[in-house]
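Q: Protein sequences appear in the order of chains A and B.
Here the first sequence is numbered in the working numbering, starting from 1 and rising by one per residue.
Here the second sequence is numbered in the working numbering, starting from 1 and rising by one per residue.
Quick caveat, the hints were computed from the structure, so don't treat them as lab data.
There's no promise every hint is true.
As the list claims (entries may be wrong) - Computed beta-carbon distance windows for the label pairs:
id, chain 1, residue 1, chain 2, residue 2, range
1, B, 135, A, 407, 51 to 59 angstroms
2, B, 158, A, 112, 20 to 28 angstroms
3, A, 407, B, 73, 34 to 42 angstroms
4, B, 136, A, 39, 50 to 58 angstroms
5, A, 139, B, 135, 34 to 42 angstroms
6, A, 228, B, 143, 56 to 64 angstroms
7, B, 92, A, 139, 48 to 56 angstroms
Unchecked claim - Stretch-level coverage of chain A by chain B, calculated; a stretch enters the list once three of its residues show a Cβ under 8 angstroms from a Cβ in chain B:
id, region
8, 20-32
9, 298-306
10, 382-388
For each residue, glycine too, the CB sits at the ideal point set by N, CA and C.
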Amino acid sequence: MNSTDPRERLRSAVGPYFGAYGGRFIPEALIAALDDLTAAWEKAKTEPDFATRLAALHADYTGRPSPITEVPRFAEHAGGVRVLLKREDLNHTGSHKINNVLGQALLTELVGKRRIIAETGAGQHGVATATAAALFGLECTVYMGEEDTRRQALNVARMRLLGAEVVPVRTGTRTLKDAINEAFRDWVTNVETTNYIFGTVAGPHPFPTMVRDLQKIIGEEAREQVLARYDVLPDAVIACVGGGSNAIGIFHAFLDDDEVRLIGCEAAGEGAETTRHAATISKGAPGVLHGARSYLLQDEDGQTLPSHSISAGLDYPGVGPEHSWLADLGRAQYRPISDAEAMDAFALLCRTEGIIPAIESAHALAGAQQVGRELAAEVSDPRQVTLLVNLSGRGDKDVATAAQWFDLIDEGQATT
Amino acid sequence: MRSTAPTIDAARAEGRAALVVYLPVGYPDVPGSIAAAKAAVDAGADIIELGFPYSDPSMDGPVIQQTVQAALDQGTRATDVLHAVEEVAATGAPTLVMTYFNPVLRYGVDAFARDLAAAGGAGLITPDLIPDEAGEWIGAADDHDLDRVFLVAPSSTTERLASTAAACRGFVYAASTMGVTGAREQVGHQARDLVAATRAAGAERVCVGLGVSTGAQAAEVAGYADGVIVGSAVVRTLVREDGDRSAALHDLGALTAELARGVRQQTLAEAGGGSGTGAGAAGSAEAKHGTR
């Protein structure tokens with residue numbers, strides 16, 4: 001399956017192919033724009049001025065580096081191991097998405113375009129893109145599945161406050177995958193004036209590589225922070241996986257640390273054994289969707305199957321090609337986490353640590369509970385085990401969903 | 001198998017462009033789509049493109065999105081597509097399948113090529129597959145003697161026009177404008193330049209699609225292209241709230257006949273293209289290509 005020698009250093013993979021995955025399965029009309037974007041990105045990466053401007057935005061606008069927080073009261077429910085959270089939830093706009101968007105917005109300036117478009121599921125990438133549009137003075141249109149605009153109404157309002165046009169997408173399953181289709185339709189029509197700021201490590205080359213490069217700061221910071229404070233590398237690094245940008249962001253710095261386990265938590269929705277889940281790697285098969293070859297949820301005819309998750313940000317039937325490659329290599333393991341497991345972990349972090357996580361990130365927390373118990377069973381003192389969890393976003397946007405799940409609204413009060 | 005090339009060449013010999021009509025399999029249902037394609041052939045379509053309905057048609061506009069979704073909702077399958085090919089190809093009109101790549105990949109590229117050839121199909125048009133990624137399909141098309149139609153666009157570089165033209169068998173599909181499928185008031189002015197550039201890059205036959213909906217537009221495009229591809233406008237005749245299929249087939253036949261008259265109009269020869277000149281241009285482009 002792999003055309004890349006696994007003994008090569010994994011961190012050096014730059015696409016367009018990750019083993020058998022990746023590539024460009026996209027209309028010819030967009031190839032020139034993707035070539036331009038690739039060239040601009042290759043150039044920007046080597047320019048000190050670009051790095052300086054991006055670093056200044058990270059520090060002064062986003063608030064990087066994000067801290068790591070040890071969560072001992074939560075860890076009591078994870079086999080008693082040491083659990084560290086990488087606090088991407090503390091970033092401006094409330095998630096890791098801003099890391100990618102600021103880089104791509106700078107790139108938009110470099111290629112001389114004045115309009116940006118984006119797709120969004122939970123709304124976090126849309127909010128981050130609308131934020132960057134305001135900051136850079138760009139025109140902005142965000143495509144969002146109608147179903148998601150209902151689940152994440154607050155984020156729709158946030159994007160509109162920031163001056164973006166939000167277009168509810170009413171085709172297909174009316175979720176993230178259809179928003180991506182609609183964004184591609186806009187892009188192919190308006191490519192001369194418009195840059196598509198893709199939100200995750202999926203899509204045609206160069207998006208998986210470029211978004212990875214812009215998110216890998218998460219793991220680079222965290223690796224240094226953990227080493228500096230505890231003088232060890234974590235035994236496992238755990239992140240939730242929808243398209244997979246926060247996961248690849250925190251995994252990447254550890255790819256060649258063979259002793260560090262990498263664990264991606266996929267959304268199992270109502271159960272990976274049911275038809276209502278988004279466990280793409282665990283339950284899908286390789287194919288082509290949204291411009292890249294990767295695992296996807298599909299039927300016998302190659303039609304994309306509808307995904308399901310309580311978390312709009314993980315409700316996606318595809319996954320980035322680098323994850324498919326890491327899964328086949330066995331370098332990362334992917335495990336399904338159900339809605340119920342994620343919501344239990346969500347509540348636990350709220351009650352034990354005073355941190356309300358995004359429901360997406362709660363999948364990683366539930367995974368950490370499982371992995372903590374498993375690794376604790378292998379050692380005499382569980383405190384010898386260190387887990388690093390990417391807390392990719394905060395849960396303010398999810399309060400309505402959580403209130404409904406936990407039945408927290410008194411009778412007669414509005415529920416949305 | 002029935003390649004599209006002899007049909008296009010025969011049209012050219014008659015001093016006209018070929019008319020290529022797209023219809024999605026499974027809309028209004030599988031038998032209905034077969035009847036529609038046969039009606040299009042009866043009314044003058046030279047070549048039929050049967051659409052393989054797909055869940056994520058990111059290059060299609062609203063009419064085709066709506067109809068392929070309806071086809072999928074009714075459970076249209078790969079076997080239905082192959083069955084439709086067999087029925088439509090039996091009319092004698094070369095019958096291509098227009099498909100996004102994943103359904104073919106899932107079926108098995110070689111297996112689909114084999115079964116398509118066995119059904120009498122002419123080949124594939126692949127809107128989201130560029131030749132750079134098509135190694136397996138290129139090999140399968142050679143093995144099973146099938147047309148492979150890749151797309152070029154106004155944004156294509158000269159190098160990509162040449163590599164795409166070289167990878168095509170049958171004809172090259174020139175997307176007239178930057179955008180998705182759907183009727184437009186005007187066919188992009190870029191289309192004529194794109195056809196000329198594609199010929200200069202070595203293409204023997206270039207057909208133009210995206211945006212054509214009327215006989216007048218067909219005549220205009222026929223002035224410079226080897227074939228005129230019409231999709232959404234024809235598909236739209238099938239979309240009726242009253243579900244009156246005989247009325248739909250009547251409208252489809254009337255529009256197809258109008259388009260067929262369009263591709264036969266000679267008045268546009270003087271507008272810098274006529275089919276005779278087109279053939280000459282193709283000849284000189286080949287000559288130019290040969291000297292490189």
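Q: Determine for every hint whether it applies to the structure shown.
A: Results of checking the hints against the structure:
1. Hint check: residue 135 of chain B to residue 407 of chain A, Cβ distance near 55 angstroms, so the stated range 51 to 59 angstroms holds.
2. In this structure the hint that residue 158 of chain B and residue 112 of chain A lie 20 to 28 angstroms apart at CB holds, the actual value being about 22 angstroms.
3. Our hint of 34 to 42 angstroms for residue 407 of chain A and residue 73 of chain B holds, since their Cβ atoms are close to 35 angstroms apart.
4. Look at residue 136 of chain B against residue 39 of chain A: about 28 angstroms separates their beta carbons, and that is not inside 50 to 58 angstroms.
5. Checking the proposed 34 to 42 angstroms range against residue 139 of chain A and residue 135 of chain B shows it holds: the Cβ atoms sit about 40 angstroms from each other.
6. Against the hinted window of 56 to 64 angstroms, the Cβ-Cβ separation of residue 228 of chain A and residue 143 of chain B comes to about 59 angstroms, which satisfies the hint.
7. Taking 48 to 56 angstroms as the suggested C-beta distance range, the pair residue 92 of chain B and residue 139 of chain A conforms, at roughly 52 angstroms.
8. Against chain B, the region 20-32 of chain A contributes 10 residues with a C-beta closer than 8 angstroms to a partner C-beta. That satisfies the three-residue criterion, and the hint holds.
9. Figure legend: the region 298-306 of chain A, annotated as covered by chain B; annotation consistent (6 residues with Cβ-Cβ distances under 8 angstroms, at least 3 required).
10. Counting residues of the region 382-388 of chain A whose beta carbon lies closer than 8 angstroms to any beta carbon of chain B gives 0, which falls below the threshold of three, so the coverage claim is violated.
The structure fails hints 4, 10 (numbered hints given earlier, in ascending order).
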